[in-house]
Structures are given as C-alpha cells and as structure tokens.
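Q: Residue numbers (the working numbering), protein chains in the order written: chain C, 16 to 395; chain V, 92 to 370.
Since the hints were derived computationally from the structure, they do not count as laboratory data. A few of these clues could be false.
Stated by the list, open to error - Dumping the calculated DSSO-like pairs for lysine-lysine here, alpha-carbon to alpha-carbon at most 27 angstroms:
| no. | chain 1 | residue 1 | chain 2 | residue 2 |
| --- | --- | --- | --- | --- |
| 1 | C | Lys205 | V | Lys328 |
| 2 | V | Lys360 | C | Lys205 |
| 3 | C | Lys65 | V | Lys358 |
| 4 | V | Lys281 | C | Lys65 |
What the hints assert, rightly or not - Far from chain V, by Cβ distances over 10 angstroms, these chain C residues were calculated:
| no. | residue |
| --- | --- |
| 5 | Gly81 |
| 6 | Gln144 |
| 7 | Ile210 |
Beta carbons are placed, not taken as given, at the ideal position from N, Cα and C, and that holds for glycine.
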Amino acid sequence: MKKRHPNEFLMQGNEAVVEGALAAGCRFFAGYPITPATEISEVMAVRLPKVDGTFIQMEDEIASMGAIIGASLAGVKSMTATSGPGFSLMQENLGFACMAEVPCVVVNVMRGGPSTGIPTYPSQGDVMQARWGTHGDHPIIVLAPSTVKECFDLTVKAFNFSEKYRTPVIVAFDEVVGHMREKVTLPRPKEVEVIDRIRPTMPPEWYIPYEDTPQGVPPMASFGSGYRFHVTGLTHDIRGFPTLRPDEVGPFMDRIHRKISLGQPEIQMGEFFQLEDADIAVIAYGSVARSARRAVVDAREKGIKVGLLKLLTLWPFMRAAIEKVIQTAKVLIVPEINMGQISREVKRVNEGKAMVNTINRVDGLMITPGQISRKIREVS
Amino acid sequence: MQEVTKLIYKYLRHDKKFPHVWCPGCGTGIILGSLIRAIDRTEYDKDDIVLVSGIGCSGRMPVYVDFNTLHTTHGRALTFATGIKLANPRLNVIVIMGDGDAMAIGGNHFIHAARRNIDLTAIIVNNSIYGMTGGQYSPTTPYGMSATTAPYIHIEQEFKISELAVTAGAVFVGRGTVYHAKLLDSLIEKAILKKGFGVVEVISHCHVQYGKQNRLGSAVDMMKWQRDNAVTVQQAKRMKPEELEGKIITGVLADKELPIYQDEYNKVKERAKEQISAM
Chain C
16 MKKRHPNEFL MQGNEAVVEG ALAAGCRFFA GYPITPATEI SEVMAVRLPK
66 VDGTFIQMED EIASMGAIIG ASLAGVKSMT ATSGPGFSLM QENLGFACMA
116 EVPCVVVNVM RGGPSTGIPT YPSQGDVMQA RWGTHGDHPI IVLAPSTVKE
166 CFDLTVKAFN FSEKYRTPVI VAFDEVVGHM REKVTLPRPK EVEVIDRIRP
216 TMPPEWYIPY EDTPQGVPPM ASFGSGYRFH VTGLTHDIRG FPTLRPDEVG
266 PFMDRIHRKI SLGQPEIQMG EFFQLEDADI AVIAYGSVAR SARRAVVDAR
316 EKGIKVGLLK LLTLWPFMRA AIEKVIQTAK VLIVPEINMG QISREVKRVN
366 EGKAMVNTIN RVDGLMITPG QISRKIREVS
Chain V
92 MQEVTKLIYK YLRHDKKFPH VWCPGCGTGI ILGSLIRAID RTEYDKDDIV
142 LVSGIGCSGR MPVYVDFNTL HTTHGRALTF ATGIKLANPR LNVIVIMGDG
192 DAMAIGGNHF IHAARRNIDL TAIIVNNSIY GMTGGQYSPT TPYGMSATTA
242 PYIHIEQEFK ISELAVTAGA VFVGRGTVYH AKLLDSLIEK AILKKGFGVV
292 EVISHCHVQY GKQNRLGSAV DMMKWQRDNA VTVQQAKRMK PEELEGKIIT
342 GVLADKELPI YQDEYNKVKE RAKEQISAM
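Excised from the complex, chain C in its bound form (with noise of 0.2 angstroms):
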C-alpha cells in the first residue's frame, strides 16, 4: 500500500483558506455565521487558540470588519469570511482599510443574488461589488482561487499582498471551489514565502506615518509600540491629521492608487494553458476555470485550437494578460456564473479587436464542461 505523504490532505476549498492562513501568520479572526463560509469560522474558532491566536465571533459583519481593522491597527495579522449579504455590510469599514491602509484579509465565499438570494449555491456576483462596493475612489485588490491548493496558496498570497502594500486584500471564490474537496499536499510552514509589513526603525519623534516612499507604502508602526500616531478615515496629511487641502488630499490619493499600480507586475497572476497558437481564448476564473479547461482539453482532441486564461486576480484588472491573448486569439468566450462582469472588462480593454461570446448563468447551478464546449463549437 502506498504511503501518504505526511502533508497531504483531503480537505474542502474553505478549510486551505484556513490553513493558508495560518501559514502566512494570521492570527485573529473575527467573523459572523453566513452560509456557505460559515466553515471557515468554524475552523478558526479551533485552529487559531492552539497557535495562540484569537478567534471571536461578532455581533454582525460590520463589527467583524472593525474588529480585524484594530486588530491589524494593533499589530495582528487578521482575517473575516463571510458571503455575499454579509459582505455588503463589510463594505464601509472595507473602505476605512483602504483610507487609512490597514493590512487585512476578507474572504468572500460568493452565493447566488441579490438579496438572501440562493445561500447554498454558487455565483460569481460578487466580481465588481469586491471592485466598487465601498464608496469613493479607491484601489483594491481581489484574489480568485479554482481549486483546493489555491485556496491555500492564494490566502498566502493575500496576506503577503496586504502585508507588503498596506492594503485590504479580498479572496473572492463561489461555493464549489469552497465546499468542494481534493486531495492537497500542503508545503510545510518553512516552505511558505510570508511578507510581514515594513515596521518603522528610526527614533519615534522622526517617525511620519503616511509619508510617501518610492514605492508609495510608509512603514506601519503598531498600537503601543512607542510610536503614537494619528488613524482617521478622513482625508489626511502625511502625518495622518485630517486635511481639505487640495495639495495634501490629491498627493494622497495619488500614493494610494499609485502603490497598487507599481505592484501590478507581481499580483496579476494568471495561468495561460495552450494559447500559445490559440485562435479562440477562454476567459475564466473560479469554478468555472476548471469547466474550461475540461472544455479546451477536448475541443483540442478535436483538433480546434483553443486556449484558457485563468485568471487568478480579477483587479486590478489584466489588461495585460488580456492584450497579449488577443495578439492570436481573436475569439474569446468569457464563462461566468453572473450575468457579466469580468467579460464587461475585458470587453472594454478588447476594444473590438476581437470577438467577445460570453455564457452567463444564474440560475444557482455552475457552469459545466458540457455548456463551455458547445459555445467552443458554435464559434469554430
């Protein structure tokens, strides 16, 4: 009989994020029940005292957001899950992390919509809420996993992104990729890169809080470290006291979006399997990446060639990623369980150039192999 591999797990989509996370350092969860990421909490609530973290359960979503804020604010490594009603609610202290920016870690295991909607079933509707939920103009980021082992690697990843541009960072993923299981090896704690943020080295009394850098990420001095500063979800000058001045305000926003963009490079990550000759390019993420490839791993025994793009960030958005699989593609098919909203983006950086075909289903099942390869035979 074959020996496991000491590592190697059978475990769902929800339970990697939590392993994920504990391997990049979180260690404080604040959450509210929610199907289909109540297991996420769960997990934490035993996981997380073992490692001396903390885990508490909030009165609601907002609460569990204000709560990962000061905890990160206080030093702390921190995480909430939750899904899409619950995510909504999350959506004003989600914009006080990026004002004030907060390093941090949501997850939103994505259900059908609007409203209660369909808990135990998949969607994808959550694609632009993650971009433009909170008010006002503001960078983001948002990771996308398809499979177990990405669950795990990509929450390494959203910690390491938040840690390293001192920003809110979302995991973004529909309840198949939550509640469906797979056999994963895990690497072991010393094997996984962790980034904690850049903490301040000079005297207290030189110490600015929101200076710029070349990179646009001041260092981040913790509650109670020595060096007592300002936090304010207003507008704020360098050392962090409110302004109105349009001198202080614009450079501001500016530093915000500007950091985000420097780091494009290395937080657009996605997965180009066999567009090198492709005339058609599947567009997908999630889920239904995995549908896509089954469809274009059989469209190709058939001799049609075609290619997927998986995207593991959906923003900021690949516009790159994109541009180049348009040089051969020029047909795409962009499968989402939503009614359109990353084929809307890569509509727009498109621009024509080739022909958008999009599948949309919102009727709480997911997108299958079989629907991705008829629209693959129709356009060939």
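Chain C is fixed; fit chain V onto it per the hints.
A: Chain V only, in chain C's frame:
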C-alpha cells in the same frame, strides 16, 4: 502656567493644527480635560493608551491628544476597540462616542460589547442631539422637544444610556455631567481602572443646536440646568419617583464583578492546547 494647564499641555499634540473644531462653550472640551486628568491619575504610560472614537463632534477628540489614536467609522468605534484589545491586551483602550454614535447606528455594538465584558472603557457624550450635522434628533432627544428633523414636536421616547448599559451587563456604569467636572474626573478614572467593560455617560450640552432650537439659553444657562437638576445616587435613593422626574442621577450606578473576556479566552487557549498534547 497653572498646574492644571501644565498637566493638560503634557498630553496635547503640539504638531496638530489647532484651534479645535468644537464651538465656543461646547462641553466636549471639558470632557477631554476630564479624560486627561483621569488618565494622568492612573499613571498609565502614553504608549499604552489607545483612544478610539466614532463620528461626530466627540469623534474629533482623539486627534488632539498624544496617545495611540484612532478615528473610526460612525457607530463602529467599539468594534475596532475590540480588535485592538484582543490583539494586544496590554493596551488600555478607551472609546469616546456620542449619543447618536453609540445608541443609534452603534447601538447593537454597544450592548454586545457590554455583554461580552471585554476590558474596555466607553465614554458617551450625551448632548441629546446630532450636533455636527446640524441639530437632528437623536435616540436621547427627550419626548416633546424640537430638532431640525422634528420641526413640529419630537414624538419618540429616549434611551436612558446608563440604565441600558447596566441591563446589557456592563460591570461599571457611571453618569456625570460636564458641570460636575470633579465627579467626572473620578468616574472616568474608576471606569479606566475597572477590569471589564466600563461605561461613563456624560450629560453635556449643545447650546448651538439643541439649546437654540429649544430655547434653553446659552452654554452657561444649560450648565446651570445640569447643576440644578443633578441628584446623586445617594440622594436619589431617598427620593420618590415623582420627585426624580426630569432629574439626572449622577455617580456610580453599577460596580460589579463578572468574568473578563480576555481571562476566559486564555482558558480557551489552554483547553485547545491540551487537546493537541492529548492527540
């Protein structure tokens, strides 16, 4: 400089752009003075104090003082404070809120913070109105008064903040007024030193909005009203319910012991770790 002024000076942020945002005669400055004196008496290090606020006139308090300071979203200050305290229990976390902040938009967070008994101190400035937005009625605007959003008459009953805090399980509840500044100093000091969730409700005045719309006179007139209508907890015990009508009961309304969240969670950690070794 007088001793008191020197003490206040020690805790202000001198690189902050003064003057402050509050209207001349506002009670919020008196509460800030009281808070500084109370913190000074506790002898806690500035580095170990976190002052958290929500939105409104009271929300602007933290920016002026030299602690770790956080100005959060409307009504949510206690949730941020919860995260800070649990992430670093060494810190003394003090939350300042207004009546609209703590009782309306943040009412749910308030009762749950009281129920959980996390070691936080909540100071609520109760001036019976939304001042910063221009005088709309709040959850503590009394029945029959006027506000810009109750132009004819206010028809809702008010929340009694301290009584609500007692019922929700806060282990320390005190009520003071800005007129009785010395009492306020000691209430805030007691609340900070108390292990568990401590609440101090401060009856303040907004002569610019609430006072003007209800013809209650100047800031001085409104403070005289506080002086004339405050009765201590001890005095109140000897008074009949009809005599207490319209009075402000000041002093310590609750002081009890309940398990503190952080201590209890440490027990959870021990249990969780025992399970590893047993496995």
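Q: Run every hint past the structure and note whether it holds.
A: Verification of the hints:
1. C:Lys205 to V:Lys328: 65 angstroms, violated
2. V:Lys360 to C:Lys205: Answer holds: Lys360 of chain V to Lys205 of chain C is near 24 angstroms, not above 27 angstroms.
3. C:Lys65 to V:Lys358: Roughly 11 angstroms between the alpha carbons, so the hint for Lys65 of chain C and Lys358 of chain V holds.
4. V:Lys281 to C:Lys65: 35 angstroms, violated
5. Gly81: The claim is violated: Gly81 of chain C sits with its nearest Cβ about 3 angstroms from chain V, within 10 angstroms.
6. Gln144: Non-interface label on Gln144 of chain C holds, nearest chain V Cβ at 18 angstroms vs cutoff 10 angstroms.
7. Ile210: About 19 angstroms separates Ile210 of chain C from the closest Cβ of chain V, which puts it past 10 angstroms; holds.
The structure shown violates the earlier hints numbered 1, 4, 5.
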